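Given the structure of chain A, go ahead and fit chain B onto it with the hints provided.
Single-letter residue listing:
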Amino acid sequence: MIDINGLAFGYSHRKDLFKDLNLKITSGKIHGLLGLNGAGKSSLLHLIQGLRFADEGSIKVFGLSPKQRDIKHLQQSFLLPEEVYTPDISMKQYIDMYSPFYPLFSLESFLQFLNEFELDRSAHLGQMSMGQKKKAVIAFALATNTKILLMDEPTNGLDIPSKKQFRKILSHIITDDRTFLISTHQIRDLHSLIDNVIAISNGHIIFNQSINEIVDSLHFSLDGKPSSSDDLIYHERVPGGYLNISPSTGIPSFEPDLEVLFNAIMTNNSAINQAF
Amino acid sequence: MNFRPPAPIFLQIAEHIIQLIISGDWKEGDRIPSVRDFATDVEVNPNTVVRTYNLLSQEGIISNKRGVGYFLNENAKKLSTTYLKKQFINEELPYFIKMMKTLELDFEDLKKEYNEHK
Numbered sequence: 002m003i004d005i006n007g008l009a010f011g012y013s014h015r016k017d018l019f020k021d022l023n024l025k026i027t028s029g030k031i032h033g034l035l036g037l038n039g040a041g042k043s044s045l046l047h048l049i050q051g052l053r054f055a056d057e058g059s060i061k062v063f064g065l066s067p068k069q070r071d072i073k074h075l076q077q078s079f080l081l082p083e084e085v086y087t088p089d090i091s092m093k094q095y096i097d098m099y100s101p102f103y104p105l106f107s108l109e110s111f112l113q114f115l116n117e118f119e120l121d122r123s124a125h126l127g128q129m130s131m132g133q134k135k136k137a138v139i140a141f142a143l144a145t146n147t148k149i150l151l152m153d154e155p156t157n158g159l160d161i162p163s164k165k166q167f168r169k170i171l172s173h174i175i176t177d178d179r180t181f182l183i184s185t186h187q188i189r190d191l192h193s194l195i196d197n198v199i200a201i202s203n204g205h206i207i208f209n210q211s212i213n214e215i216v217d218s219l220h221f222s223l224d225g226k227p228s229s230s231d232d233l234i235y236h237e238r239v240p241g242g243y244l245n246i247s248p249s250t251g252i253p254s255f256e257p258d259l260e261v262l263f264n265a266i267m268t269n270n271s272a273i274n275q276a277f
Numbered sequence: 035m036n037f038r039p040p041a042p043i044f045l046q047i048a049e050h051i052i053q054l055i056i057s058g059d060w061k062e063g064d065r066i067p068s069v070r071d072f073a074t075d076v077e078v079n080p081n082t083v084v085r086t087y088n089l090l091s092q093e094g095i096i097s098n099k100r101g102v103g104y105f106l107n108e109n110a111k112k113l114s115t116t117y118l119k120k121q122f123i124n125e126e127l128p129y130f131i132k133m134m135k136t137l138e139l140d141f142e143d144l145k146k147e148y149n150e151h152k
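Chains A and B are the protein sequences, given in the same order. Everything in the first sequence is counted per the numbering used here, starting at 2 for the first residue and increasing by one. Everything in the second sequence is counted per the numbering used here, starting at 35 for the first residue and increasing by one.
Check the hints yourself; a few may be wrong.
Using 25 Å as the maximum straight-line C-alpha spacing, the simulated DSS-like pairs for lysine-lysine come out as follows [said to hold, decoys possible]:
| # | chain 1 | residue 1 | chain 2 | residue 2 |
| --- | --- | --- | --- | --- |
| 1 | B | K119 | A | K226 |
| 2 | A | K226 | B | K132 |
| 3 | A | K134 | A | K93 |
| 4 | A | K93 | A | K25 |
| 5 | B | K112 | B | K99 |
| 6 | B | K135 | B | K119 |
These are calculated hints, taken from the structure and not from any lab test. These numbers come from a predicted model, not from an experiment.
Excised from the complex, chain A in its bound form (with noise of 0.2 Å):
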C-alpha cells in the first residue's frame, strides 16, 4: 500500500534527515511509528502525504507518487497533525467545508463519534478548547473512511476517558484493506493497538516487526538482577527489578513492554534484529 525505496531528504542541502530509507508497508495494520524527537516520524509522514517531496528515490502510494497529489490518493489518505488547526466555525460549516473532499465520508459515524468523545455536535470550534478541537478533528479523521490513516501524536492532549474511547473505535474501524500509520511517543496510550512496530534512527527504519514476530522472537523476563546469560540483548531497571530481553527460548513469554522495546532497539539494534 505504501512502498518507499532509496528515500533521500534533507530541510538543508548540507544534512540529510533521511538517506536511502527503505519502507514497505501493508494493509490491515495498525503500525507504531517510534523514533527520538527529531528523527523524522513526522517528516515521514509528511512525505507520505505529499507535503513535502522526496530529493532521491521513490514513494508509491497506491501506486501514485505523493507529489503528483493525485485526487485518487488524497482523497484516501488523511494526516492528523499533532497540533490541529481549526478555522473560527461550527462544527457544522467544518463538515460541509470538508468532508466534500473524502468521498467515503460518513456523517453517522462522525457523530457517533463526537458523542463517543462527548462533544456537542452544535458546538463552535473557535469556543473549544485545545484537547476539544483535537479530538473535533480526530471524530473527523476517523469518519473520512480513508483506505490510510495517518496519525501523528494523536492521543497527545486527549484526557483520559477520550483514550479509551479513540482505542475503541480504532480497533472497531480497522479493517483488511486499511492502514493505520501512528507515530508516537505515548507507546503505553496504544501499545495494546499495535500490531507492527516501526522504529525510525539516523535517516534509516532500524527495525520494523509485527507484535506476533515480537513475542515469538524475543524473551521478556522480570528478574531480580540482570541476567548473566551470554544472550542477553538488553536490560533496564525497573520497580519490580530488572527486565531482560533476550532471543525467545521457544515458548511465547510475556506481553513485551514496547518502551523498553524501544530502549533495546535503540542501545543494541544489530542484537534485537539478530533475533528475528
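Chain B only, in chain A's frame:
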C-alpha cells in the same frame, strides 16, 4: 528470585475466555463474540483476538462456522480445564515452588494454610 510479568495479550485473552467457560458464564454450543466485537470491547487490535481464537480452535475449544461465527464446542469445558491445568502446572507452579524454597515452606505449612482457606 523470579517474578511474573503479564503474559502476552493474546494469551491473557485466552485465559480470560477459558475462565468464563469453566465458570459456566459461557456455555457449550454458545456463539461467542466476533473477533471485532471482542477486540473493541477489550481495546486491542483485532489481529490479537484472531491469534487467541486460532489458539482456542487448535485446542479444540471453539470452532468457526464459516459465515456464522465462532461457537464453543460440546466438550469445551473439559478441554478448557485441561488447558488451564497444563498452563497452571507449566507456568504458575514453578514460581510457586521457587517461592516455597525461598521461604523454606514445607507441605505441612501449606496444608495448614490450605485448610484455613478452604
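Hint check results:
For the hint linking K119 (chain B) to K226 (chain A), the alpha-carbon distance of about 30 Å lies beyond 25 Å, and the restraint is violated. The suggested pairing of K226 (chain A) with K132 (chain B) holds, with an alpha-carbon distance near 16 Å, which does not exceed 25 Å. With a C-alpha separation of about 14 Å, the suggested pair K134 (chain A) and K93 (chain A) falls inside the 25 Å cut-off, and the hint holds. A hinted pair counts as satisfied when its Cα atoms are at most 25 Å apart, and K93 (chain A) with K25 (chain A) does not qualify at roughly 38 Å.
With a CA separation close to 21 Å, the supplied pair K112 (chain B) and K99 (chain B) stays within the 25 Å bound. Only pairs whose Cα atoms come within 25 Å are accepted, and K135 (chain B) paired with K119 (chain B) is accepted, the gap being roughly 22 Å.
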